[in-house]
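With the hints as a guide, dock the two chains, each given alone in a separate frame, to form the complex.
If you read the sequences in order, they're chains A and B. Add 8 to a position in the first sequence, counting from 1, and you land on the number used in this note's numbering. Add 10 to a position in the second sequence, counting from 1, and you land on the number used in this note's numbering.
Heads up, some of the hints might be wrong.
[Said to hold, decoys possible] For the chain B half of the interface with chain A, some residues (derived, Cβ under 10 Å), not all of them:
#, residue
1, Leu88
2, Leu98
3, Val202
Source of the hints: derived by calculation from the structure; they are not laboratory data. For glycine and all other residues, C-beta sits at the position ideal for the given N, C-alpha and C.
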Amino acid sequence: MPVRPKLQRWIDLMAALLDRRYGLTLAQLRHEVVGYQDGRAESVRRTFERDKDELRRLGVPIEVEGVPGDPEPRYRLTSDRFYLPYLVVAGERGLVRPRRIDRNGYRALAECEFDDEAIELLSDAARRVSQVGDPMLATHAWSAMKKLAADISPELLAPTAAVHVLPTAAAAASEHLEALSGALLRRKQVSFTYYGIERDETERRTVLPYGLAFTSGHWYLHALDPARGEVRAFRVSRMRELAVNAKAPGTQDYEIPATFSLSDRSKPKLPWKLGEDPPVAVEVRINRANGHTAAVARAGQRVAGTNRVICQVRRREPFLRWLLGLAGDVEPVAPPDIVREYRALIQRTLTTARTVT
Amino acid sequence: MNTAAGRFQRLMLALPRFATERIQSLSGLAASLEVPPEVLINDLRTLAERYDLPGGADEAVTVVIEGDTVTVEANHFLRPMRLSQSELAALELGLRLLGRDASDEQTVMLDNLRARLAQCIASLPRDEAHAGLRDGALSPEGDTRIRTAIRRALRQSRVLRIHYLKSGDSQGTSRDIRPFRLCWSNGAWYLVAWCELGNGLRNFRVDRVTTAELTDRSHGGPEGLDEPALMSDGVPFLGAGSAPTMVLRYSASIARWIAERDGLPLEADGSAVRTMPLADRAWAIRHVLQYGSDCSILEPADLRRELVETLEGMAGSLS
Numbered sequence: 009m010p011v012r013p014k015l016q017r018w019i020d021l022m023a024a025l026l027d028r029r030y031g032l033t034l035a036q037l038r039h040e041v042v043g044y045q046d047g048r049a050e051s052v053r054r055t056f057e058r059d060k061d062e063l064r065r066l067g068v069p070i071e072v073e074g075v076p077g078d079p080e081p082r083y084r085l086t087s088d089r090f091y092l093p094y095l096v097v098a099g100e101r102g103l104v105r106p107r108r109i110d111r112n113g114y115r116a117l118a119e120c121e122f123d124d125e126a127i128e129l130l131s132d133a134a135r136r137v138s139q140v141g142d143p144m145l146a147t148h149a150w151s152a153m154k155k156l157a158a159d160i161s162p163e164l165l166a167p168t169a170a171v172h173v174l175p176t177a178a179a180a181a182s183e184h185l186e187a188l189s190g191a192l193l194r195r196k197q198v199s200f201t202y203y204g205i206e207r208d209e210t211e212r213r214t215v216l217p218y219g220l221a222f223t224s225g226h227w228y229l230h231a232l233d234p235a236r237g238e239v240r241a242f243r244v245s246r247m248r249e250l251a252v253n254a255k256a257p258g259t260q261d262y263e264i265p266a267t268f269s270l271s272d273r274s275k276p277k278l279p280w281k282l283g284e285d286p287p288v289a290v291e292v293r294i295n296r297a298n299g300h301t302a303a304v305a306r307a308g309q310r311v312a313g314t315n316r317v318i319c320q321v322r323r324r325e326p327f328l329r330w331l332l333g334l335a336g337d338v339e340p341v342a343p344p345d346i347v348r349e350y351r352a353l354i355q356r357t358l359t360t361a362r363t364v365t
Numbered sequence: 011m012n013t014a015a016g017r018f019q020r021l022m023l024a025l026p027r028f029a030t031e032r033i034q035s036l037s038g039l040a041a042s043l044e045v046p047p048e049v050l051i052n053d054l055r056t057l058a059e060r061y062d063l064p065g066g067a068d069e070a071v072t073v074v075i076e077g078d079t080v081t082v083e084a085n086h087f088l089r090p091m092r093l094s095q096s097e098l099a100a101l102e103l104g105l106r107l108l109g110r111d112a113s114d115e116q117t118v119m120l121d122n123l124r125a126r127l128a129q130c131i132a133s134l135p136r137d138e139a140h141a142g143l144r145d146g147a148l149s150p151e152g153d154t155r156i157r158t159a160i161r162r163a164l165r166q167s168r169v170l171r172i173h174y175l176k177s178g179d180s181q182g183t184s185r186d187i188r189p190f191r192l193c194w195s196n197g198a199w200y201l202v203a204w205c206e207l208g209n210g211l212r213n214f215r216v217d218r219v220t221t222a223e224l225t226d227r228s229h230g231g232p233e234g235l236d237e238p239a240l241m242s243d244g245v246p247f248l249g250a251g252s253a254p255t256m257v258l259r260y261s262a263s264i265a266r267w268i269a270e271r272d273g274l275p276l277e278a279d280g281s282a283v284r285t286m287p288l289a290d291r292a293w294a295i296r297h298v299l300q301y302g303s304d305c306s307i308l309e310p311a312d313l314r315r316e317l318v319e320t321l322e323g324m325a326g327s328l329s
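With the rest of the complex left out, here is chain B (with noise of 0.2 Å):
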C-alpha cells in the first residue's frame, strides 16, 4: 500500500518502536514490520526530506538514515495508535469465528476480553456504523470445552486424552492422542494427530470427539510429518497417495453445486465427474447415497454392487 493512508498506518506503527531506543536497524525494523526494508526507507524518507520547511521551524519527527542504521526522533509519536473501529471488527469477527455459542465460563472470559478491547479503540463521532455488520461461523458449534482442550494441547505440545466416537462405533474408545494440526475443510474441523492406541497417524473429526481432557504428558512435535500426505485435493485426509480411487459421476440436476464446491468442470452433458481415493468403501458408498439417485460409481464395480446390497438391505428393512 503505497497510498498516503498506508504509509501513515506503517509510519504510525514504526514510530513507537523508536520510544527506548533512538537508533536501530532499518533491516530489523522492516523485519518486524514484515514490509521489504526498501518500503520502510521510502516511509522513512517521506519524513526526512522536508524541501518546503521553513529555516527555523521545528519538525515533527526528524529522521536521518544512515546505511542500515536509522535514528529518529518523533517525540510526540512514542506510542502507537488506539485500535481504529476496523480493527476492533476484524477482532471481533476473529473471536465470533472462534466459537460463537462459548461456555459460561468463556462467555464471562470473552466479554472481558470484549470490554478491555473497547477500552483502547479510538473512539469517533461514526462509531456505531461498524457495529453488527460482520459475523460468521465456520460450522455448527460442538462442545467449545474440546475445543478449548485441542488449543491447549496444541499450543502446548501436550498429549491429549479424547473419547472417539468412530463412524461405525457404537461404544467408541478412549485413547492418547499426541495433536499436530487441526484443518478446518467444507464444513468440519479435523485434528490430525498420532494416535497412542493405533500407534500411527490419525485424521479424527472433531464433532466426533466427546471428551477431550489435557493429560501432562509433552510430546516431541510433528517430527518427520509428511505435509502432502495429509491432504488430498486441499481437503484433509491420510494415505491419499497410496489408496485406490473410485470414478463418481454426480447428475447434472447437482452438478453445478459440486463443480462449485469442488472445483471441477462440467461435462458436455451438465454433469461432473469426480476421482477421489478410496480408503474407507463405507465411508465411500455414504457419501454416494447422501445424494440419491444423482450420484452413480462409474468405478470400481465392486463397490457399486456394495451400494446396490446396501440399498436393498435398506429398503427390506423399511417394508
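Bound-form chain A, shown alone (with noise of 0.2 Å):
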C-alpha cells in the first residue's frame, strides 16, 4: 500500500478516535476513516489490524475493550494518554506554566512539574546520548527533546556546551545496533560471525540477547551463549554477518531471566577485576603519593593507619603491568609468588628495553 494513503488513514483513524470518549467500532470506524469505507469487511480488517499495531508501536495508545475474540471490541484513544501532559517549570523565579489549549480534549490535561536543574540534567542526558554512535539512539532523544519543547524554553533545554564523547576507533556499525535492538526487543535469537581478538580467531555464534550495554566507549551486547552455558559480553563492533532468527516473528524465542541485571555487567572494571577466577588479596605499598597511585587506593582497600592498600586480583598479568607502568610507585609486597612475577616481568621488560637498536 503506498505511504500517502496510509498516513492519511493513520491520521483520520487518531482523529475519529479522539473524537469519541467512549471509543468505536471497526464498523462506526468504516464510517469515519475514509480510508476503510471501500473494500472487503475481512481486507478492511487486515488493515485496520495493521494500522492499529503500527500506531501502537509508534507510541499511539489504542485501548482495545471487549472480550478479547469479542466480534465488535471498541477501539479507544484518549486525549488524556495521548497528550504530552502540560509542563510546568520551577525554578529560582517560581513556576512557569505553558499556555493551555483552550478546547475540548484539551482542558483537562494534567500537569508535571520539572525543576529547572533537573530539565538541564534532562538536556544532558539526551546530548549524552546523542554521542555514543547509535543514530536510533539519538533519534529517540532528539524526538523526546522536541516534544518537551512544546513547553519549556530553548534556554533551559540547551545541553552544556563544550562536552564532547570522541569516538573510539572501532565503531560499532548502526546497523548492527539498530538489528540487535530490535532482537532485543522482540527476543529473537541472533546469530553473527564474531572476531575473538584473544585467540586472534573469528567463529560463528548463536545467542541470545539480554541486553545491550556502552560501557567505556563500546557497545557490548550481553547475551546468553548456549553453546557455553553462560552470559557473555560480545563487543559489537567485532561483529560481522548478523542475523536476527526471522522465523516465527510473532513469538519470542526466549525469556531474560528475572535475575539477569545488565547494570551490574556494564560497569567498567580494571582489567584485572574481570573474570571468573577467585579473586587474590595482593598486598601493595605507595612509596609515593601522586595522582596515579591515588588510582590504587581507590581501587582496592587501604589498610588502616599505612601507605598500603589491599586488591582483589582475578587476572594477574594485567594487575602487574597496571603496577609496572605506575614506574615503581606502587609496589607488590605479599604474597611472594606475585612479587616473584613482578620481578620477572621487570626484568623481562629492561632486557627488551636493553636489546632494542
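Next comes the structure, spelled out in C-alpha cells:
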C-alpha cells in the first residue's frame, strides 16, 4: 500500500478515535475513516489491524475494550493517554506554566512539574546519548526533547556546551545496533561471525540477547551463549554477518531471566578485576603519593594507618602490568609469588628495552 | 526517514506548533524541526492532497501552502504525543551515562526526574519489553560533586577553584581555572581550561581533581581557542603540533588490541608501530611500561635509555 494513503488513514483514524470518548467499533470506524470505506470487510479488518499495531509501535496508545475475540470490540484513544501533559517548570522565580489550549480534549490535561535543574540534566542526558554512536538512540532522544520543547524554553533545553564524547576508532555498525535492538525487544535469537581478539580467531556464534551496554566507549551485547552455557559480552564492532532469527516473528524465542542484571555487567572495570577466577588478595605499598597512585588507593582497600592497599586480583598479568606502569611508585609486597612474578616482569621488560636497536 | 513512520513522527512534532499560530513560515518551521524545508513540504502535502476524500467529508487536518507560508488546522493534534517507550529508554540511558553512582542528593533528584518522565509516557501493553535492556557507563565513577561543579562552571562560564593532584605531585595544588571544554576519550574525562595559576591552557584529568568549587567570578569564554591544537589523533592533547615525537612498537602479542583501539595497521610480523607526541617524558615512560616487554621505544634513543634507568631503579628497589 502506498505511503501517502497510509499516513492519511492513520491521521484520520486517530482523529476519529480522539473525537469519541467511549471509543468506536470497527464498523463505526468504517463510516468515519475514508481509508476504511472501500473493500471487503475482511480486507479492511486486516488493514485496520496493521494500522493499529503500527501506530501502537509508534507510541499511540490505542486501547481495545471488550473480551478478546469479541466480534465487536471497541477501540479507544483518550486524550489524557495520548497528549503530553502540560509541563510546568519550577525555578528560582517560581513556576512557569505553558499556555493551555482552550478546546475540548486539551482543557483537562494534567500538569507535570519539573525543576529547572532536572531539565538541564535531561538536556545533557539527551546530548550524551546522541554521542554514543547509535543513530536510532540519537533520534529517540532528539524527538523526546522536541516534544518537551512545546512547553519548555529553548534556553533551558540547551545542553551544556563543549562536552564531547570522542568516538573510538572501532565503532559499532549502526545497522548492527539497530538489528540487535529489534532482536532484544522481540526476544529473538541472533547469529553473527565474531572476531575473538584474545585467540585471534573468528567463529560463528548463535546467542540469545539479554541487553546492550555502552561501556567505556564500546557497545557490548550481553547474551546467553547456549553452546557455552553462560552469559557473555560481545563487542558489537567485532561482529560481522549479523542475522536475526526470522522464524516465528510473532513469538519470543526466549525470556530474559529475572536474575539477570545488565546494570551490574555494564560497569567499567579494571582489566585485572574482570573474569570469573577467584580473587587473590594482593598487598601493595604506595611509595609515592601522587595522581597515579591515588587510583591504586581507589581500586583497593587501604590498610588503616599505613601506606599499603589490598587489591582483590582476578587476573595477575594485567595487574602486574598496571603496577609496572606506575614506574615504581607502587610495588607489591605480598604474597611472595606475586612479588616474584613482578620481579620477573621487570627483568623481561629491562631485557627488551636494552636489546632494542 | 521517508517511511510512513518517519513522516508520521515528523508531523506529530510539526502539527502542535500550530496550536498558537495557525499561519507559519515553512522555512522557520523546518529549521526548528531540523529538517530541510522540502522534506517538511512533502510531509505536509501528504496531508493536504486528499484525492480519496468524498465530497462533504471532514478532513482531520487541513493544510494550505502558499510560497513560504503554511496554514494548518489540526484540532486533534495541538499537543505533542506523550513520550514513547523508546524515547524514554534513550533518555534513561543518557541519565545513566551522565553518572551511575550519584550522591544521595542527586539520587533523589534523578529518582524524582524519572518519576516525572514516567508521567509523560504513553503506556502500551508491551511496555515492559524496554525495561533494563540498555545500560552503560563511560568510565569508573569519580566524585559526582566534582562533575556537577564542572558542569555548572561550563554552563554558566564561571571560574572554578580546584585542587588538582598532578601525576608526579604528592600534595597537589589549588588553582582557579576557566573551564572551556570537557572531553571523554579512551576511558577518561579531560577538562580543557585556562589555568590562572600557570597562566596558560591546561588539560586536567578529571579523576585527579580532588575538590572543585564554583566561584562567583564569570569569564568571557574560550575566545581565540585553537581547537585543533587541543587534539592529537582524536585525543585531548595540548601543544601536539609543536611537541617532539616518539616511535613505539607494540609486539604481535598485544598489537591487535592497540590496532583496534587506535585504528593502526598491523605490520607484516603482526606488530604495530605508532608515532606519538612526546611532551611529557615521565608520561611516555609510564605508557611504555604498562605494556611490559610487549612495547619498545624505537625512537628517540635517549628516552629508551631513560626507560632502562627507570627499570633498573625499580629492580633495585625490590631486591
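Does the structure break any of the earlier hints, and which numbers would those be? Result: no hint breaks.
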